[in-house]
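Construct all of the structure, not just a fragment, from the sequences and the given hints.
Those sequence lines, one after another, are chains D and L.
Take 1 as the starting number for the first sequence in the working numbering and just add one per residue.
Take 1001 as the starting number for the second sequence in the working numbering and just add one per residue.
Worth double-checking, as some hints may not be accurate.
[Stated by the list, open to error] For the chain L half of the interface with chain D, some residues (derived, Cβ under 8 Å), not all of them:
#: 1; residue: L1160
#: 2; residue: S1191
#: 3; residue: F1193
#: 4; residue: A1196
#: 5; residue: R1241
#: 6; residue: Q1245
No lab work stands behind these hints, which were simulated from the structure alone.
Ideal Cβ positions, reconstructed from N, Cα and C, are used throughout, including at glycine.
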Amino acid sequence: MPLVRFGRDLRVDFCRGLALWWIFTDHVPGDVLGDFSLRNVALCDATEVFVLLAGYAGGIAYGRTMDRHGWLYAAADVVRRAWTLYVAHIFLFVVFAAQVAYSAAALDRSEYLDEIHLDALGDEPYRALLEALTLHFQPAYLNILPMYICLLLMFALALPLLRWPQVLGALSVALYAAARLVPIQLSSWTGGTWFFNPLAWQLLFMLGAILSYAPGKLPLRPVVLDALSGVVIVFGLFMQQVVWGRPDFPSHLPPWLHDVLMYVDKDGLHPFRLVSILALAWVTTRLVPIGATWLRSRWVAPLMVMGQHSLPVFCFGIFLAFLGRLAMEESDAWPMQVAVNVVGLIAMAAVGALAAWYREKGRETKRVGAALPAVQGADTA
Amino acid sequence: MMLRLVPFATLLVAALVAAQPARSQPAAPATPPATAMVPAPTARLSEVPPACVAPEDLTATDTRLPHVAAALKPGMELNILAVGSATMLGPGGAADGSFPFRMAAYLRQAVPGATVRLTVRSGRGLTASDMLATIGTELSKNPFQLVLWQTGTVEAVRNLPAEDFFQTLSDGAKLAEEHKADLVLIDPQFSRFLHANANLDPYEQTLEQTTGLPDVILFHRFELMRHWVSAGQIDLERTVRSDRQKTADLLHDCLGRALARVILQGAELRAP
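Encoded structure:
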């Protein structure tokens, strides 16, 4: 039984798998692979990859459902998915809080709680639980899923507009601009704002959905887009390696340029980050044809199963990342670096494979069940 | 299936629509205002232990600290107020092993015959605006010539607005000026986690920006600690539990030395 599902755009699954792997390495402080992930060479990071491709996959899956069963049913399906994410988020919150708090006590490291922002849970546990349930309290690592939930709820409303992509695009850009300029932000219990502002990030998600549901004609010649993307990618490299990479460089900049280059926020999806991910997406589609044979090779199968079952892999990855951190604090010499990264990747791929196996088995059972003649009176429940 | 969605939808609507009150003041255990007269240490400030060596420019300053210069003299008294979060307390939560205490001791050593008094008011999870209130109360009760203000970490962890942070720091600088005290800001400590996962930059930039105000110095704790980590000199995050107390003591001693150097430079005094 093949665990990787073919017959779909495998580039999407591969890149999602890659993003999940980067989320793991970036979340283990001191992991050497964290110095080589996307965030070191581009202005965007795994979060942008994840959100763009979530929109892309959503456009295909729910767009098709809408075409077959109408908007209301498709919207209900999106909300059901948001509910699944919500339950997963709350479960992860409980597991992660227990994991960090236990480790902090056992290893005498109260700074874990302060850094991850679980100190508020210790100060006011009952209130913190309520605030976590309403997504008002988001410790570190636990801020991606709340954004994703909001994106899906917005998407449920926006679904019919997929048929008028220009209208959806214009509304989405307007909301993005308002979220950044007014600014409109969601508040957090501990006084700040959400780490990711869903009202800004929705633009990336909607663009992904439009690209998959209504690809349309290119406004520019591909070569022009190639050139523009190349410029954006080189600019990103320059920013990471020179402007931000050298502490003394910014002081040589004129004040206006300093402000433009130094204040690139992640919470509101700064335009630099948006342009960066779009350029990378374009270049990827140009360099990797949809039928590329290496996408079907067994070497990339681990990333494929991870990308095809992103929710359990993401949640498990967060748990593993903290274990990885504890291990690295014992030693961060190369044997431990290898061990943490190999074990981490294998464990995440195993979770993906398990989810894939369960799903395929379920489909097989359904097919077999459908093929059998119905037994009278057996299904009265 | 739809029924299951009802509580979720209700929660979400409640969360997104209702303008919730911000979290109440954290019950942070601020230390009692213990003011201690600081004795001179036995180790000499001029004899820098190998672990504490750092590039000169990390402890260089052109800013003058006139109030410290006037008070740190033989027969006179320098009163220091130290406000911050957890790391202002020393290893094991005691104030007398902390780097402000070490710093005060080295100042005392640099000027024989001077009296140095240190008041530490810090607690876990305090924001800059929490601390601003403390600074206001303390300054109105007692005269201080120097305020040490360590802040920024809690803001970064909670993603608080950087503009408000700048306003709070400016208000603090004004307050210090009105009460004839110099202000030394201290930035977050280096940690791999904060470096990689929290968005420290806006807060570091804000702290840097505040040094444009008169009589304000920023002590670059983050860069100093990062230097010690990358040079393999002091790395508390990678220290086994049995050695942690010793390494924490060393770290606080090195930070105290570096801070004392900055302040002596600001007061145009030479390190002994």
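Taking the hints in turn, this is what the structure says about them:
Because the closest C-beta pair between L1160 (chain L) and chain D is about 4 Å apart, less than 8 Å, the hint holds. The closest approach between the C-beta of S1191 (chain L) and any C-beta of chain D is roughly 6 Å, which is under the 8 Å cut-off, so the hint is satisfied. Satisfaction of the interface hint for F1193 (chain L) is found here, the shortest Cβ-Cβ separation to chain D being roughly 4 Å, below the 8 Å cut-off. Given hint, A1196 (chain L) at the interface with chain D, holds; its Cβ is 5 Å from that chain's nearest Cβ, closer than 8 Å.
The interface hint given for R1241 (chain L) holds, since its Cβ lies 7 Å from the closest Cβ of chain D, which is under the 8 Å cut-off. Contact between Q1245 (chain L) and chain D, as hinted, is not supported at the beta carbon level, the nearest pair being about 10 Å apart and thus beyond 8 Å.
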